Every structure is written in C-alpha cells, then in structure tokens.
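Start from the sequences and build out the full structure, keeping to the hints where you can.
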Amino acid sequence: MPVLEVENICKTFEDTDVLKSISLSLEKGQVLSIIGSSGSGKTTLLRCLNFLERPDAGVIRVNGETLFDAEAAGKTAGFPFSRRFGAQREADVRRRRLHFGLVFQSFNLFPQYTALENVMLARKLLAAGQPDYKARKKEILGQIREQAEELLDQMGLSNRMGNYPHQLSGGQCQRVAIARALALQPDILCFDEPTSALDPELTGEVLKVIRELADQNTTMIIVTHEMAFARDVANRVVFMDDGMVVEQGDPGEVFGNPREERTKQFLMRYSGA
Amino acid sequence: MKLILEQMPVVIGALNTGFIQTLKLFFVTLLGAFPLGLLIAFGSMSRFKPLSLVTKLVVWVVRGTPLMIQLLIIYYFPGLVLNNPVWGGGEAGRFLAASVAFIINYACYFSEIYRGGIQGVPVGQEEAGLVLGMTRGQIFRKVKLLQMIKRIVPPMSNEIITLVKDTALARIIALQEIIFAGQSFLKGSHGISGAIWPLFFTAFYYLVFNGVLTLLLGRLEKKLDYFR
Chain A
1 MPVLEVENIC KTFEDTDVLK SISLSLEKGQ VLSIIGSSGS GKTTLLRCLN
51 FLERPDAGVI RVNGETLFDA EAAGKTAGFP FSRRFGAQRE ADVRRRRLHF
101 GLVFQSFNLF PQYTALENVM LARKLLAAGQ PDYKARKKEI LGQIREQAEE
151 LLDQMGLSNR MGNYPHQLSG GQCQRVAIAR ALALQPDILC FDEPTSALDP
201 ELTGEVLKVI RELADQNTTM IIVTHEMAFA RDVANRVVFM DDGMVVEQGD
251 PGEVFGNPRE ERTKQFLMRY SGA
Chain B
1001 MKLILEQMPV VIGALNTGFI QTLKLFFVTL LGAFPLGLLI AFGSMSRFKP
1051 LSLVTKLVVW VVRGTPLMIQ LLIIYYFPGL VLNNPVWGGG EAGRFLAASV
1101 AFIINYACYF SEIYRGGIQG VPVGQEEAGL VLGMTRGQIF RKVKLLQMIK
1151 RIVPPMSNEI ITLVKDTALA RIIALQEIIF AGQSFLKGSH GISGAIWPLF
1201 FTAFYYLVFN GVLTLLLGRL EKKLDYFR
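Protein chains in written order, with the numbering used here: chain A, 1 to 273; chain B, 1001 to 1228.
Some clues are possibly wrong.
[Stated by the list, open to error] Okay, the calculated bits of chain A under chain B, using three or more residues with CB under 8 Å as the criterion:
| id | region |
| --- | --- |
| 1 | 27–33 |
| 2 | 50–56 |
| 3 | 101–110 |
| 4 | 116–126 |
[Said to hold, decoys possible] Ranges of calculated distance between the beta carbons of each label pair, as one might list FRET restraints:
| id | chain 1 | residue 1 | chain 2 | residue 2 | range |
| --- | --- | --- | --- | --- | --- |
| 5 | B | Ile1069 | A | Ala72 | 51 to 61 Å |
| 6 | A | Lys28 | B | Gly1120 | 34 to 44 Å |
| 7 | A | Asp17 | B | Lys1165 | 42 to 52 Å |
| 8 | A | Gly64 | B | Val1061 | 58 to 68 Å |
| 9 | B | Ile1172 | A | Ala128 | 50 to 60 Å |
| 10 | A | Asn217 | B | Thr1214 | 55 to 65 Å |
| 11 | A | Ser21 | B | Lys1223 | 35 to 45 Å |
Since the hints were made in silico from the structure, they are not lab data. Quick caveat, the model's predicted, so the values are computed rather than measured. Beta carbons are placed, not taken as given, at the ideal position from N, Cα and C, and that holds for glycine.
Below, the structure written as structure tokens:
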C-alpha cells in the first residue's frame, strides 16, 4: 500500500486554475522529485498536502487513511483553514497535518529561539498536552532534548546548537529547519525549493543532508530546480506544467528520454543554461 | 534671586503635588490604553467588515481631532448638554473625565502601532507553526508575541514620551496637574503671586521624568536585541 495517495487535487485562486486535477502516489521510503517552471503549481501542491491551502476538489490519503476529501469537507464550511471551524475541527486538522513535514524555501526559523530550541519547541508543546506530562516532565523533556541534539548532530550542527538563526548562514539555517521538521517524525517530509534562497556554495551542504536522508529511506517529496540532484536522489520524478502532471516516472527515463514535448523543452532550457 | 530662593520650598511642594496628579494620569492612561489599543487593533483587522469599518472610523475621528477638544467634549458634554453630569464634581470628577479622554485617544494611537507589529511578523512564522502542529494560541504566544513586542517597542516609546507631555492638556479642564500648580503662583497661591518662574520650572519635571523613561525603554529595547 502506498504511504501517500493524491487523487484529482484541484485548486483555484481567484480565476486562475493553479492545480488541475493532480494525482500521484508514493511508496514508503521513496523519494519523489517534482520539477517544473515557476508558476506550474509545485509549491501549491505541497501547501495543499500540508493543509496550508484547502484544495477545491480531490482526496488525500496517507497509509490508507483519508486525511482530506473535498466532497466531505465541502459540507463543513471553511475547512480546514478558516477561523470559523470549532476547536474540535482545528485539533483534527492539526493531527492530520502531523503526517507531513514541510521545509520552506525561506527556512522560517523562529528568530527568538536558538537552533536547539527551534527543533524542540513543537515537540515540547505537544508533550505538554499529554496526560502523564506533569508526572514525567523531566524525563520527557530530557528525551526531547536528546532527540533534538541527535538530529542537529546528524545535520552537522553539533557546535551550533546554542546559536540564534541570525548568527547562522543560510545553509545552516536550512539544516536547522530540516531537523525541526524531522523532530516530529512525519510520514512524509516535503521540501519546497530548499536551496533556492541559498548562495550556490551553500547549496551543496543542504543537498548533502537531504541525500543522506534519502539513503536512510526517508519518504520525501522534493520540489527543486536542482535538476542533477533531482535525477540523482529521486526514485521517481514528476514534471509539472501549468497545473498539470505532464510526465512522471523513473528519473533516468524522464531526464534521459522524455516522452512529452513540453518536458523536452523544459529540460533543454535547463541543460542549455 | 533671593526672592526665588525664599519661594522655592513652597513652590516645590505645590509642584510635587501637581506632578503626582500628572503621574497618576500618565499611568492610568497607559494601563487603560495598552489593552484597549489591542482590542481596537483586532477590531480594525477583523474580517467582519462592519466591525473593521466602524473601528477605522473611530480611529480616524480620534486621531484627526485635537486631544484638547476631546477633553472638553468628554468633560462638559454630559453635564452641560445632556444634563447628566456623569463625572461627578471636584478634582475626582475631572480626573475621571481626563482619564477617559486620554485612554481613548492613546488607545487609538497604540492600536495602529499594534497593527503594524502584528502585521509585520512574516506570514512564514505562522505557517511554520501550523505545519509543526501548533495551535493558533501557541503560535501567538510562543512564536509571534515576542517578535511583535520587539517591533512595537521603538514606536511605543515615542508615544509614551509624548504622553508624558500631553498630560499637560488636562489643564484645560482645570485638572490640578503640574502646569495648573505652576500657573497658580501667577494669580496667587500659598501667599505668592505674580511669579512666572514656577510655571517655567515645571519643564524640569517633565525633562527628568522623560530622561528616566528613555533610559528604561532603551534598556528594554536592548534586551530584545538578542534576536533579529
């Protein structure tokens, strides 16, 4: 059974159809790269998966559980992002959201917290809601700290844990952001152009970390403009254009021998540059 | 000069009493305008159009007219026009009316500062919190609040220092604050009359108090300097 199934997701902003019936699936431990020009809907797709946008139509399933169904959701006004839905509903959305992690193009670290605190914050808040939190507070916080330190260590940042985001380079910030997303152990980790805001010389350190995650069979969806990286690290590649999946398949096939004319044109522009 | 030295103890005593009233008005205004300003800020940012329109209208009127006129209207309108003197008589009544006028006026200015602070926090901060499974309350308290405060402190410091001096406007409804106290020696009070220097001397009180405030607010700003 695929870990993720997306069926016929549609999204319209104002009068623009940003996503026109997107369907894809992903197996556990696989890496999916999404490529395509700017404005093709890649970012919107990731935002829909992470419940930052509400799809107008379609179904999202994780491990067979339906997380989102536009038809069912349509009956309850405003799902999932409006402030109008009650506490119950919001808690529900939050629980579903935790199946996914998202690493942003612009990191979005919390500036008033150190790298370590950034990684620990969400788990600390989640833990505080547990019934046995008061009794085992010290033990729980110890575990959270240990896990956060381990993750930052894995990101090569063991000597940067006490630094604030403004004291870190862009590449270091993005690695903290990756650790922060991993701390919640999402089923699927999504990257939205993780290196687009970085200087070329800092891109490598972030890509290296993502590659290591792929080697550990982390299930990931990576939206990227780094073609060589996408080809190299992904098990499957999706090429999107104008809100549609134009072509998808094995990276060797899509990059080496694209079937569609639009894919060829897109790849030509990149290899030419 | 000898005369001034003789008058000094009496004048200082009177000015001190007046300055206590000034300080009272200052702190009561802050205490009321901080929370009310936040409410007005939320009102003007509301997605419920009628509420945001009404709030913006109120802010426009309050910021668009002199505080002195607002003081006069708030103090005299209920008694003289409606025949319903809600404020009560004497100094206590004047203080109540002045407090209401100052709180409303400053809350409107504060609301715009709050709005700038709230809207100045990048959307990405909220989105990062949401993706990490935080509630809206947690995102506000743990992520956005401190960033807002950091943005708010410099413009707020400005308003607070302006408020210290604006309290002098309450003289117009005869609130016995420090200007009133200084002026009383012109007409005659405590056996001194025709003395203008006590009125000039009040400036010294404002200056010292604002000096202290500037130091404290500067320290707060520095404390929040550890992040960007």
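Against the structure, the hints:
| no. | hint | result |
| --- | --- | --- |
| 1 | 27–33 | violated (count 0) |
| 2 | 50–56 | holds (count 3) |
| 3 | 101–110 | holds (count 7) |
| 4 | 116–126 | holds (count 4) |
| 5 | B/Ile1069 <-> A/Ala72: 51 to 61 Å | 58 Å, holds |
| 6 | A/Lys28 <-> B/Gly1120: 34 to 44 Å | 42 Å, holds |
| 7 | A/Asp17 <-> B/Lys1165: 42 to 52 Å | 58 Å, violated |
| 8 | A/Gly64 <-> B/Val1061: 58 to 68 Å | 59 Å, holds |
| 9 | B/Ile1172 <-> A/Ala128: 50 to 60 Å | 53 Å, holds |
| 10 | A/Asn217 <-> B/Thr1214: 55 to 65 Å | 59 Å, holds |
| 11 | A/Ser21 <-> B/Lys1223: 35 to 45 Å | 53 Å, violated |
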